[in-house]
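**Student:** These are the residues of each chain, in order.
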Amino acid sequence: MSVYLTNINRPRIVRIRGVREENPTVKTFVFQDKHCSEAKPGQFVMVWIPGVDEVPMSLSSINSDGISSITVAEVGEATQVLHQRKIGDILGIRGPYGNSFALASGQVMIVGGGTGLTPLVPLVDSLLKLPAKISFLIGAKTRDELFFLEKIKKAVSKVNVTTEDGSYGLKGLVTDLAEKILEKEEFDMIYACGPEKMMLKMFLLAEQYHMSFQASLERYIRCGIGICGSCCIGEYRICKDGPVFSGRQLRKVKNEFGLFKREADGSKVSL
Amino acid sequence: MSSRLDTEIAGLKLKNPTMLAAGILGLSGAFLRKIAEAGAGAVVAKSVGLKPRMGYPNPTAVQVDCGLLNAMGLPSPGIHNFGEEIKEAKKGGVPVIVSIFGFSPDDFAEVARVAVEEGADALELNVSCPHVEKTGSEIGQSPSLVAEVVEEVKNRVDKPVFVKLTPNVADIIKVAEAAVKAGADAMTAINTVRAMAIDVNTTRPILANKIGGLSGQAIKPIAVRCVYEIYRRVDVPVVGCGGIITWQDAVEFMLAGASAVQVGTAVAFEGLDVFRYIAEGIDSYLERMGFGSVKEIVGLSHQH
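Going down the list, the sequences are from chains V and Z.
When we follow my numbering, the leftmost residue of the first sequence carries the number 1, and every step to the right adds one.
When we follow my numbering, the leftmost residue of the second sequence carries the number 1001, and every step to the right adds one.
Read the hints as simulated data drawn from the structure, not as lab findings.
These numbers were taken from a predicted model, which means no experiment stands behind them.
In this text, a Cβ means the ideal position worked out from N, Cα and C, and glycines have one as well.
Any given hint could turn out to be false.
Selected chain V positions facing chain Z (Cβ under 10 Å, derived; list incomplete) [stated by the list, open to error]:
1) R10
2) P50
3) T142
4) G172
5) P195
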C-alpha cells in the first residue's frame, strides 16, 4: 500500500480557459481541474510556470463544475511571466494544499487588503449558505488597485471600501474603519487576509474586543507538503498547519507574526 | 514508553531510536523543538554551511510513484545566523545533531566549530547531497576526500561526528571504511538517490535543477542493503535512513544493523506523530518477541 498522493503532489497540466483583467496589475486565470473543484475556501495551489518558477496561489473561485481560478498580482518575475499567458496556454497545478477557513454563521466581519482579497471570495460563497450576515471591508492604496468589488457587492449587502489616498470610498486605512465598527458592533467571527501588518492589527483588535479571529498568512513556500520547513512561523507550517490560523494559534507566534518572515535561505527579515 | 527503547549512539543518549532526518523541517529551532516534543529520540537540523545560500528556484519538490523527489539546493542562512535556532532546538530536551556542508575540508571544520560553540551535541557531515556541485556527494563519492573532511572536523571539535553516506557509489563500504579510519564516530545511511522526473506534456524536467534526490518508500530496500553491508565491515554504530514509515520499517533497518533510524519523507504523509507511532510499535515488538532492550535486535539478521 502506498501512502503517497501522486495525483495531488505532481503538477497536473491544465489549459487556461479564460483570462480576466481585474485591474491594471491583477489578472484572473480560469482553468478546469477536478482536484481544485473539491478544494475548500482558503486552500492554495502550487502553480508551475514551466521554465520559470512554481509559486503558491490561493484559489479565487472554486466551482463544483470543475472550473476554478487563481487571481494574480504582478509582483515578481514569475507573476510577470504568468501575466503574459493567454487562453490555451498551459500551467502546472499541484494541490490543493493547506487547511481552510473554519466557517462561522451569524454576524461575520471580513477584512481584505490588496490581493489578500483572493481567498475571501470563495469564503463568502460558503458563508452565505450557512447563512451568515457579512460585513465586508476592503482596503487598497488607491482606486486602481481595487478589484472584485462588483462581485463582492453582488453577494454581500454591507461592503465598505477604504483607499489610503481617498480616490475611492473612505480615505484611510481599512483597519481604522474596522476599529470604528468594532467599537459599536459585535461579531461572531472576524476573517482577515492581506498585508501581514494589517492582519496583525486586526488580530490585536479581535483580542481587544474578545472576538474570534482567523487570518490567512503567507510565507516563502517550497514543498507545499509540510516537510521542507521553508514556510515555518514559530511552531507552524504555513503550507500544512495553515495558511489559515485562528487567534488562539496566532497568540503562540506573537513574537513572529507581523514582525518578521524567513527568506529563501531561512534567515529572518523584518516585515 | 518503556526503558526498553533507551539507546546510545556515539555517546549520545536517546530515549528511543527514532531521529528526525536532516533536511526535514530543520530550518527553524522552534520546529526542531516541536519534533523533539512530538517524540523523536534526537533531531538532525537542516544542513547548514558557512555562508548564506538561497537554494534553487521552485519547483524544488515533486511526488513520484512511491517516493518524493527534491532538489532544494542546500538553502541555509549560514552557520553564523544559525546559533539562535540551535539554542531553541535544544529546549526540546533531546540531542541536537547539526548537519553541515562545505566546499572544502576547512569549510566543514569551521562550520562544525561554530555549531559546537552554539550548542550542537553532535555533527552529521553531509557528504551525500546529490544535487549541489562541488559538495555533498561529489565529496562523498571519494573515500579519500571523505577522510580528509572527517579528519579536519575531528581536529577542530570534540563532539561525535556522524557521516551521512551517499548510495550513489559503486561501493559504499569503501567510503564508510575511509570515514571510520579517519575518526568518524557513526555512519548514517543513506542520503537520497540521484533521480529525476520529466513532465510528458511539456517535455520538461519538473525540478528547476532538473536532477534531484529520491527519498521515501522507493529507496528503502537500497538503504536496508547499505546498512547491512556497512554494519558487517565497520565498528561504529550505523543509523538507518531511507523510506521509513512504519515501525516494521524501523525494525527491518535495526535487524540489518542500524542502532537508530532517521525519518524524513514520512513526516509529510503521516505527520509529526510518526516518531511516536514508530517508537511505540518498536516497543510492542520488543515486548512481544521477548527482548529486554532495543540494542538486542541491532544486526540480528546477520546470524542467518
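**Student:** If a hint holds in the structure, say so; if it does not, say that too.
**Tutor:** Hints, verified against the model:
1. R10: Interface hint status for R10/V: holds (5 Å vs cutoff 10 Å).
2. P50: Holds - the Cβ of P50/V comes within 10 Å of chain Z, reaching about 5 Å at its closest.
3. T142: This interface hint is violated because 31 Å lies over the 10 Å limit.
4. G172: G172/V check fails; min Cβ-Cβ to chain Z is 36 Å, beyond 10 Å.
5. P195: Interface hint status for P195/V: violated (23 Å vs cutoff 10 Å).
Violated hints, listed in ascending order, are 3, 4 and 5; each of the other numbered hints is respected by the structure.
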